[in-house]
Amino acid sequence: MFFLSPFELKGDIDSVFERDPAARSILEVLLCYPGLHALILHRFAHRLYLARIPLIPRLISHGTRFITGIEIHPGAKIGKKFFIDHGMGSVIGETTEIGDNVTMYQGVTLGGTGKHSGKRHPTLGDNVVVGANATILGPVHIGAGSRIGAGSVVVRDVPHDSTIVGVPGRVVRHKGEKTYDVSLEHGKLFDPIESLNAKLEQKMAHLENRVAELEKEKRRSA
Amino acid sequence: MFFLSPFELKGDIDSVFERDPAARSILEVLLCYPGLHALILHRFAHRLYLARIPLIPRLISHGTRFITGIEIHPGAKIGKKFFIDHGMGSVIGETTEIGDNVTMYQGVTLGGTGKHSGKRHPTLGDNVVVGANATILGPVHIGAGSRIGAGSVVVRDVPHDSTIVGVPGRVVRHKGEKTYDVSLEHGKLFDPIESLNAKLEQKMAHLENRVAELEKEKRRSA
Amino acid sequence: MFFLSPFELKGDIDSVFERDPAARSILEVLLCYPGLHALILHRFAHRLYLARIPLIPRLISHGTRFITGIEIHPGAKIGKKFFIDHGMGSVIGETTEIGDNVTMYQGVTLGGTGKHSGKRHPTLGDNVVVGANATILGPVHIGAGSRIGAGSVVVRDVPHDSTIVGVPGRVVRHKGEKTYDVSLEHGKLFDPIESLNAKLEQKMAHLENRVAELEKEKRRSA
Chain A
1 MFFLSPFELK GDIDSVFERD PAARSILEVL LCYPGLHALI LHRFAHRLYL
51 ARIPLIPRLI SHGTRFITGI EIHPGAKIGK KFFIDHGMGS VIGETTEIGD
101 NVTMYQGVTL GGTGKHSGKR HPTLGDNVVV GANATILGPV HIGAGSRIGA
151 GSVVVRDVPH DSTIVGVPGR VVRHKGEKTY DVSLEHGKLF DPIESLNAKL
201 EQKMAHLENR VAELEKEKRR SA
Chain B
1 MFFLSPFELK GDIDSVFERD PAARSILEVL LCYPGLHALI LHRFAHRLYL
51 ARIPLIPRLI SHGTRFITGI EIHPGAKIGK KFFIDHGMGS VIGETTEIGD
101 NVTMYQGVTL GGTGKHSGKR HPTLGDNVVV GANATILGPV HIGAGSRIGA
151 GSVVVRDVPH DSTIVGVPGR VVRHKGEKTY DVSLEHGKLF DPIESLNAKL
201 EQKMAHLENR VAELEKEKRR SA
Chain C
1 MFFLSPFELK GDIDSVFERD PAARSILEVL LCYPGLHALI LHRFAHRLYL
51 ARIPLIPRLI SHGTRFITGI EIHPGAKIGK KFFIDHGMGS VIGETTEIGD
101 NVTMYQGVTL GGTGKHSGKR HPTLGDNVVV GANATILGPV HIGAGSRIGA
151 GSVVVRDVPH DSTIVGVPGR VVRHKGEKTY DVSLEHGKLF DPIESLNAKL
201 EQKMAHLENR VAELEKEKRR SA
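Residue numbers (this note's numbering), protein chains in the order written: chain A, 1 to 222; chain B, 1 to 222; chain C, 1 to 222.
Check the hints yourself; a few may be wrong.
Copies of one chain are not kept apart here, so a pair can be met inside one copy or by any two copies together.
[What the hints assert, rightly or not] No more than 30 Å apart at the CA atoms, straight line, and that leaves these computed lysine-lysine pairs for DSSO-like: (1) K218 x K77; (2) K115 x K10; (3) K10 x K80; (4) K115 x K77.
These aren't lab readings, by the way, just hints derived from the structure by calculation.
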């Protein structure tokens, strides 16, 4: 009852092939994907945690961190086909909830805020992608299909199908539909400073035209 | 003389319970907190370093990095009740100085700049909190009670009781008094781009009113 | 034929002394520099990869990641005198190309975008420096001598001898000549928000003067 069913394992292996073009063979995936190792060990530790067995789940999580560089608290709820690529330095907190088909890269923190012991870590909807070194803090909700850009910091709720960039993170794209392939191109970022510059420059140019018109008028009447 | 005194150890263990709501028992803390392991091993290596014993301190630091994912140069001076939570990927440089009750998360760099061999790493005052994946570079001084937001990059001095956010980091809050609990909520960030936008929009609206007034005048006199 | 030549090894060791002021002796460098261990093991795995030996190169890379916290895909092409300082959490992708004398710190990602299997990782020119926790994504080209600031995210080409800062990264400095020593001071950053603020404030002050002039005129004629 505590171990991974063959169906779960197959789903977790399939997700590697679906999302990493460098994957070559099942043997390679089983031997060389620390994200898969961490996930298998976590699914086991999580069952012990739910059965309220003390200490052992934390020890498994600690051992997993040593072997894989990925730290998942045994309390975290993780959906089907979760894929952590590379994963070194990732931390997933106790009250985190992760939907199905979520992809996460290395250095990602799904962390808590405050000192209370209730729900204090993020909830990620289905198909979310979290880029390398991104940090999501607190009991925020990341809507299904959203992509958190590499190096971004998110501390507020994010609507579904959005793209987040920056420190702190801003929603830079949001649309109802998106093809699956696009959702993995976590490299296409947007520049919020350039955007602010363009907006203010345009407003100022408009105002300047009005002032120039007044000056022309003044010269004419003089 | 080289080993940790029971009092030091007690302070270091207490700091885990004070600052991590997920901590359950002393046994769990002793077995599963890599930040505590790294700190105990560092306190030992630092004494050997001060006694000018060659190579061994560096080897202990290197072994600690392998076991915990946390790299503390044996030369770093660290105060009482230092707490590194998770800690994977953190690097603390040779001439770093850390005050009492400092809290640090995973992926944090307290790094050096330049190639000279004198003081080249940061100094952190008491009660400082450094968020996940934050980077502090050079011989800068972080004032007591300040909080460095997750993912931020700091390369200048920071006054006491300030909050820093962004790449590069900006002081976004500064006040004389703060309750202890608040200082751990490293999730409440401030948006410097939104703030700049609001300020400039307000100025421009004021200017626009003056132009509109002039235009009205012109129409009246025409 | 598969092993490192003494000349290659000497170049790799020399680069540690040239770039880390904390390095004391050859023994210390050989024993305590995980970046050097990762590089030596990678140079071996890369030769097996070029000889089209299956699985083994990936296993070496996976073992190297476990030992050093640094993950270099065996396919990555790396030039002479590459130096990874600290390195925990760094990931270098399969189709990455790195020139000579490149320096990289911990938490750096040279990552891929998309799901196609051709060239999908960055190319770094000679003498490039990549700061801690920086992320470079996609088949972009980083020009020779450029410096990527700590915590920055780069998803576009970068010209030679430039300095990049921010999430997303912006070119903040660019000049033809630079002394070697300067290139290591990765702590001197530039603030793009402050710069935008200064530019817009100046423009607005100019416009305000013109409006004030018109208002004075109006009062005179009234």
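Structure-based check of all given hints:
| no. | hint | in the structure |
| --- | --- | --- |
| 1 | K218 x K77 | neither (71 Å within a copy, 68 Å between copies) |
| 2 | K115 x K10 | between (38 Å within a copy, 21 Å between copies) |
| 3 | K10 x K80 | within (10 Å within a copy, 42 Å between copies) |
| 4 | K115 x K77 | both (20 Å within a copy, 27 Å between copies) |
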